[in-house]
Amino acid sequence: MSDDIASLSPVQMDALREIGNVGAGNSATALSQIINRRIDMDVPRVSIVPLEEVPELVGGPDTMVVGVFLRVYGKAPSNILFLLPRDSAFYLVDMLMGKKHGDTQKLDFMDESALMEIGNILSGAYLNALFNFTNISLLPSIPALAMDMAGAILSVVLVQLGQMGDHALVIETEFKTEDDGIKGHFFLVPDPGSLEIILQAVGV
Amino acid sequence: MPDLVKVGMADYKVGRAPDILISYGLGSCIGISLYDPQTKIGGLLHIMLPDSSKSRSNENRAKFADTGIKDMLQELISMGAAKSRLVAKLAGGAQMFAFANASDIMRVGLRNATASKEILASLSIPVVGEDTGGNYGRTVQIDLANGVYKVKTIDKGDKEI
Chain A
1 MSDDIASLSP
11 VQMDALREIG
21 NVGAGNSATA
31 LSQIINRRID
41 MDVPRVSIVP
51 LEEVPELVGG
61 PDTMVVGVFL
71 RVYGKAPSNI
81 LFLLPRDSAF
91 YLVDMLMGKK
101 HGDTQKLDFM
111 DESALMEIGN
121 ILSGAYLNAL
131 FNFTNISLLP
141 SIPALAMDMA
151 GAILSVVLVQ
161 LGQMGDHALV
171 IETEFKTEDD
181 GIKGHFFLVP
191 DPGSLEIILQ
201 AVGV
Chain B
1 MPDLVKVGMA
11 DYKVGRAPDI
21 LISYGLGSCI
31 GISLYDPQTK
41 IGGLLHIMLP
51 DSSKSRSNEN
61 RAKFADTGIK
71 DMLQELISMG
81 AAKSRLVAKL
91 AGGAQMFAFA
101 NASDIMRVGL
111 RNATASKEIL
121 ASLSIPVVGE
131 DTGGNYGRTV
141 QIDLANGVYK
151 VKTIDKGDKE
161 I
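Going line by line, the protein sequences match chains A and B.
When we follow this note's numbering, the leftmost residue of the first sequence carries the number 1, and every step to the right adds one.
When we follow this note's numbering, the leftmost residue of the second sequence carries the number 1, and every step to the right adds one.
There may be inaccurate statements among the hints.
Simulated pairs of lysine to any residue, SDA-like, Cα-Cα distance not exceeding 20 Å [as the list claims (entries may be wrong)]:
{"no.": "1", "chain 1": "B", "residue 1": "K152", "chain 2": "A", "residue 2": "D62"}
{"no.": "2", "chain 1": "B", "residue 1": "K13", "chain 2": "B", "residue 2": "M79"}
{"no.": "3", "chain 1": "B", "residue 1": "K13", "chain 2": "B", "residue 2": "I125"}
{"no.": "4", "chain 1": "B", "residue 1": "K54", "chain 2": "A", "residue 2": "T63"}
{"no.": "5", "chain 1": "B", "residue 1": "K6", "chain 2": "A", "residue 2": "L145"}
{"no.": "6", "chain 1": "A", "residue 1": "K106", "chain 2": "B", "residue 2": "I154"}
{"no.": "7", "chain 1": "B", "residue 1": "K152", "chain 2": "A", "residue 2": "G59"}
{"no.": "8", "chain 1": "B", "residue 1": "K13", "chain 2": "A", "residue 2": "L145"}
{"no.": "9", "chain 1": "B", "residue 1": "K54", "chain 2": "A", "residue 2": "G193"}
{"no.": "10", "chain 1": "A", "residue 1": "K106", "chain 2": "B", "residue 2": "T153"}
{"no.": "11", "chain 1": "B", "residue 1": "K156", "chain 2": "A", "residue 2": "M64"}
{"no.": "12", "chain 1": "B", "residue 1": "K156", "chain 2": "A", "residue 2": "T63"}
{"no.": "13", "chain 1": "B", "residue 1": "K156", "chain 2": "A", "residue 2": "F109"}
{"no.": "14", "chain 1": "B", "residue 1": "K117", "chain 2": "B", "residue 2": "S52"}
{"no.": "15", "chain 1": "A", "residue 1": "K106", "chain 2": "B", "residue 2": "N135"}
{"no.": "16", "chain 1": "B", "residue 1": "K150", "chain 2": "A", "residue 2": "D62"}
{"no.": "17", "chain 1": "B", "residue 1": "K156", "chain 2": "A", "residue 2": "R86"}
{"no.": "18", "chain 1": "B", "residue 1": "K6", "chain 2": "A", "residue 2": "F109"}
{"no.": "19", "chain 1": "B", "residue 1": "K152", "chain 2": "A", "residue 2": "T63"}
{"no.": "20", "chain 1": "A", "residue 1": "K176", "chain 2": "A", "residue 2": "N26"}
{"no.": "21", "chain 1": "A", "residue 1": "K176", "chain 2": "A", "residue 2": "L96"}
{"no.": "22", "chain 1": "B", "residue 1": "K156", "chain 2": "A", "residue 2": "L145"}
{"no.": "23", "chain 1": "B", "residue 1": "K6", "chain 2": "A", "residue 2": "P50"}
{"no.": "24", "chain 1": "B", "residue 1": "K156", "chain 2": "A", "residue 2": "L107"}
{"no.": "25", "chain 1": "B", "residue 1": "K152", "chain 2": "A", "residue 2": "M64"}
{"no.": "26", "chain 1": "A", "residue 1": "K106", "chain 2": "B", "residue 2": "I125"}
{"no.": "27", "chain 1": "B", "residue 1": "K6", "chain 2": "A", "residue 2": "G60"}
Worth flagging that the hints you see were computed from the coordinates, not collected in a lab.
Construct all of the structure, not just a fragment, from the sequences and the given hints.
Here is the structure:
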């Protein structure tokens with residue numbers, strides 16, 4: 001399967017980038033409405049990365065992050081991982097819970113629940129866009145949250161890919177609020193067999 | 001000054017005193033060290049999966065407990081370590097996200113730990129330190145000057161095994 005990933009054509013990479021663009025655009029709009037701030041979104045990166053280098057995308061394996069993980073069910077099973085640096089997650093909680101910037105210094109049960117709900121809404125928006133694009137209906141699981149080292153959190157998806165190959169196809173978008181106070185990475189990591197299904201659906 | 005040698009995911013590194021071998025941010029993965037206290041030769045292996053025979057992609061042997069441990073062992077012996085003196089320590093094997101209907105792949109941490117210990121037992125290498133399980137990440141390092149294996153976590157404290 002790793003061979004399949006490595007042999008993607010430029011047109012296929014473009015199609016995946018466009019999926020990332022539309023999906024993340026939808027998610028960014030949802031987030032922007034919830035926190036009432038403008039959200040800037042980078043052009044999605046579609047990259048084929050050796051598994052061990054994926055944690056470098058978010059600052060290295062020992063970077064402290066908050067991760068919301070959702071398993072995606074349907075015809076093209078995938079994983080969604082929404083990663084925020086710890087300070088960004090705290091700031092986002094401040095906004096969501098109506099607190100002053102800097103109030104949140106650790107996550108209590110309510111804070112975690114709020115962040116998981118954000119993960120839920122963003123994933124829903126993303127998968128909706130993906131459906132409009134591909135006509136593949138995908139449903140997210142309930143979200144799970146962890147605050148820990150990026151390497152440890154990413155291992156959840158990397159291990160699954162590791163059974164099939166040594167590379168990950170990562171469709172990744174970075175979000176930023178205008179003041180740079182909140183940054184986040186949204187990862188869609190299709191299961192190895194799912195990639196073909198998504199590409200077929202968009203006809204490339 | 002001791003060299004700090006970084007061990008990536010699905011890789012291993014070997015060395016001798018005063019090197020320190022370190023691997024960052026282990027979740028369900030396991031950091032397995034083998035150490036010969038007399039020659040102060042040792043290695044650290046960062047595995048992702050328990051069994052190479054159950055995977056469709058097994059070219060990278062350091063990804064798996066079974067092939068990774070055997071390869072590292074051979075390299076240590078060729079450097080002058082004695083198999084009869086080697087001791088093993090291991091840490092990691094967490095389940096980062098708890099789902100009610102956790103599938104096999106979610107419990108891979110536990111399977112990694114079990115498989116690693118079985119393989120070490122089959123090679124007659126004693127496990128003298130272990131810190132596995134839980135739901136948190138670990139950064140692990142072994143100091144080849146004295147065999148001390150340190151486990152660092154974000155908020156579950158640090159320990160030596």
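Here is how each hint holds up against the structure:
Between the alpha carbons of K152(B) and D62(A) the distance comes to roughly 10 Å, so the proposed pair stays at or under 20 Å and holds. Straight-line distance between C-alpha atoms of K13(B) and M79(B) comes to about 12 Å, which keeps the hinted pair within the 20 Å bound. Taking the CA atoms of K13(B) and I125(B), the gap is near 18 Å; set against the 20 Å cutoff, the hint holds. A distance of roughly 32 Å separates the Cα atoms of K54(B) and T63(A); the hinted pair therefore is violated under the 20 Å criterion.
Of the supplied pair hints, the one linking K6(B) and L145(A) is violated, its CA atoms being roughly 28 Å apart against a limit of 20 Å. At roughly 13 Å between alpha-carbon atoms, K106(A) and I154(B) fall within 20 Å of each other, so this suggested pair holds. A distance of roughly 18 Å separates the Cα atoms of K152(B) and G59(A); the hinted pair therefore holds under the 20 Å criterion. With a C-alpha separation of about 32 Å, the suggested pair K13(B) and L145(A) falls outside the 20 Å cut-off, and the hint is violated.
Distance restraint check for K54(B) and G193(A): the Cα-Cα separation of roughly 17 Å lies within the 20 Å cut-off, and the hinted pair is therefore satisfied. A C-alpha spacing of about 16 Å is found between K106(A) and T153(B), which places the hinted pair at or below 20 Å, so the restraint holds. Straight-line distance between C-alpha atoms of K156(B) and M64(A) comes to about 14 Å, which keeps the hinted pair within the 20 Å bound. As the CA atoms of K156(B) and T63(A) are separated by approximately 16 Å, the hinted pair is consistent with the 20 Å bound.
Our distance criterion of 20 Å between C-alpha atoms is met by K156(B) and F109(A), whose separation comes to about 18 Å. With a C-alpha separation of about 15 Å, the suggested pair K117(B) and S52(B) falls inside the 20 Å cut-off, and the hint holds. Distance hint between K106(A) and N135(B) is fulfilled; the C-alpha atoms sit about 18 Å from each other, no more than 20 Å. A hinted pair counts as satisfied when its Cα atoms are at most 20 Å apart, and K150(B) with D62(A) qualifies at roughly 15 Å.
Using a Cα cut-off of 20 Å, the hinted pair K156(B) and R86(A) holds, with the two alpha carbons roughly 17 Å apart. The hinted pair formed by K6(B) and F109(A) fails the criterion: a straight-line CA distance of about 36 Å is larger than 20 Å. About 13 Å separates the Cα atoms of K152(B) and T63(A), which keeps this hinted pair within 20 Å; it holds. Taking the CA atoms of K176(A) and N26(A), the gap is about 14 Å. The hint holds against a cut of 20 Å.
Under the criterion of a C-alpha separation no larger than 20 Å, the hint pairing K176(A) with L96(A) is consistent with the structure, at around 16 Å. Among the hinted pairs, K156(B) with L145(A) is consistent with the structure: their alpha-carbon atoms are about 17 Å apart, no more than 20 Å. In summary, the hint linking K6(B) to P50(A) is supported, as the alpha carbons are separated by about 17 Å, within the 20 Å threshold. Restraint check: the Cα-Cα separation between K156(B) and L107(A) comes to about 15 Å, which is no more than 20 Å; the hinted pair holds.
About 13 Å separates the Cα atoms of K152(B) and M64(A), which keeps this hinted pair within 20 Å; it holds. Taking the CA atoms of K106(A) and I125(B), the gap is about 42 Å. The hint is violated against a cut of 20 Å. Between K6(B) and G60(A) the CA atoms are separated by roughly 12 Å; this keeps the pair inside 20 Å, and the hint holds.
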